[in-house]
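Line by line, the protein sequences are chains A and B. Count along the first sequence from 1, then add 993; that gives the number in the numbering used here. Count along the second sequence from 1, then add 136; that gives the number in the numbering used here.
Don't read these hints as lab results, they were simulated from the structure. Since no wrong hints were added, every one of them can be taken at face value.
Here are the simulated DSSO-like pairs of lysine-lysine, each with C-alpha atoms no more than 27 angstroms apart in a straight line:
#1 B:K467 to A:K1108
#2 A:K1033 to B:K567
#3 B:K418 to B:K408
As the structure is a prediction and not an experimental result, all values here were calculated from the model.
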Amino acid sequence: MIKVLCIDDEADIRSLLVEELHDAGLETIEACNGREGLDKILTTWPDIVICDVSMPVMTGHEMLAEIQLNHPEFSNTPIIMLTAMTDRENTLAGLQAGADDYLTKPVDLDLLMAKISGCIMRLENNRKMGRGL
Amino acid sequence: MPEHAHDLIATMFKGARHPIFIKGEDYSYLFLSDQACKLTGVPFEELIGRTDYDFLPQSEADSVRAMDKHILETGEERLFEEEITSQDGTVHTLVTHKRRVTVPLGGRLTNLVIVEIDDVTELRNAETVLRASEEHHRSLIELHPQTPWVANARGEVIEIGPEWEQVSGRSVAAARGHGWADSVYPGDLFRVTGSWAEAVATKTRLDMEYRLLNGDGEYRWFRCRAAPRLDASGEVSRWYGLLEDVHDRQTAFEALIASERSLRQHRDDLEKIVETRTAEVKEKNSELARLLEQEREVNALQRRFVAMVSHEFRTPLTIIDAAAQRLARVKETPTQAYLVEKSMQIKGSVARMVELMESILAAGRLQTGVIEINRKSCSLAEIVQSCVKHRQEVCTSHRIHADLSGLPAETHLDPRAMERVFGNLLSNAIKYAPRAPDIYVRGWTDHETVHVSVRDTGIGIDEEDLARLFEPYFRAQSAAGIAGTGIGLNIVREIIGMHGGQISVASEVGQGSTFTVSLPLNNQNPEIREAA
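Construct all of the structure, not just a fragment, from the sequences and the given hints.
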């Protein structure tokens, strides 16, 4: 079963995302900031990560940098950033830090789910290839 | 003339240095010395026994004869000077001395004329040269405005040129000794007498300038030079001096110096002006740079504010939008609980947006100065308690512990403004203490002041940020990643200020923050309406 980690400091946003992911038959894990999110990545090995940018304790960008620097084994995990920061600089900074995609809030749930489906397809293809080898 | 007498005279006078002629009573030449023969250019033998008529022109011989006759008859001497041209053409100046002598000759006394001649040509030439040189120097001195003077070894003036009278308007006699000093300008006197005394003592030349009073009561500049003449033993025999009028030169020199000084002053003034202007320009530049920096800072703060506002609106909008999308996806009939949950999410987000909008409007009113405080008789304890209650209702993650028993029963405040103050402080306490669930609210009265503190045990604030914490749009470093506009605490401070109170903060990073509002109990006239 595909595991998706939702990181956001807003409980309401988390719960709405979790609802949508459950409907799609995915398993979910929650975290309320970057630090907690990093811990969950290291301990639960999620398949996909959905992450807010502006959060207390550790921001989404700081978490990305931490993964690239200290946990390169997770650098291939697909990470979709969700942010209320709409400026171009912020988007560029996130993509450069290793994000796979960048969606702005308010978020179109259909668009989000389509991106997640794409990620799942790639994951499954990779796994098949891995078995074939 | 007997042989022996002739021999005697010849022996005596033949080799004499001067030409000597001896004539007898008949005016014939009895004897000529070697020099006399040389002078006439005629051999001795041809002259003996001859008279002047034999070799001088008639008229000349007549005048010689007349003089000789007079001398022989009277015995008077004659001394005269004449110029003659010798046979080689050179002109000689001769001084001739004629006298009568009476000698026993041939047994009787005979009168003779003895003529002695001195050739003074060289002497006269030297005198002429000397006289010419003297005249030359005299005219030089007379042409120059100079007054010569002479002093003795003790430095006392013994002679001074007659020009002194024009120089000083005083007599030559008055200048003698040290009398001249009475004409010296009093301001120069000490220097002048000192230098003169020193020159006299050390026997060295003097050259100095000073002012002398003239006959018209004016002082003029003079240059005075003096040199000692030393005798064989090295002692001063005389001082020779010259007094020269240098007034015009001196005044021209002074004028030159004055003009140069004024020029230099002018240049210095110009430099000073340039310096001042440069400093002014620099000051204006730095003031401009400061203003520009300030403007830039305000702009940066406002940009950040706009970004924050956008972010702050987008968060509740995201919740509302997502909730609406979720409701649209429900395929079967939704449960009542599900509908309530979604509507609560939507309502909560709308409330957040309203609050946000109001605080932005309040900030705008603060900046334009139209905010008003309407004091009413009310209970601060009740207002704070109500804020705590409302906050606790929407926040399940934190516990708010309130002790407001120390507050007075009645206060005069603007209740809505106070709700904003404590609503903001409580919301901050929760927001900046995400993992420290206990919030403490305490109220107490101290003399004429009421205090309410709100304490959290959250992330705290850096010490360097405390001073700027209440500035508009400012956000502490420790607030990074936590949503906020930076206007809440600014509004709080303004409202408290309008009530005549103060707000203070104590904080430590990682330990939490305590905000304390202090309001005066007096000065509670309900009529007071203040504008920011």
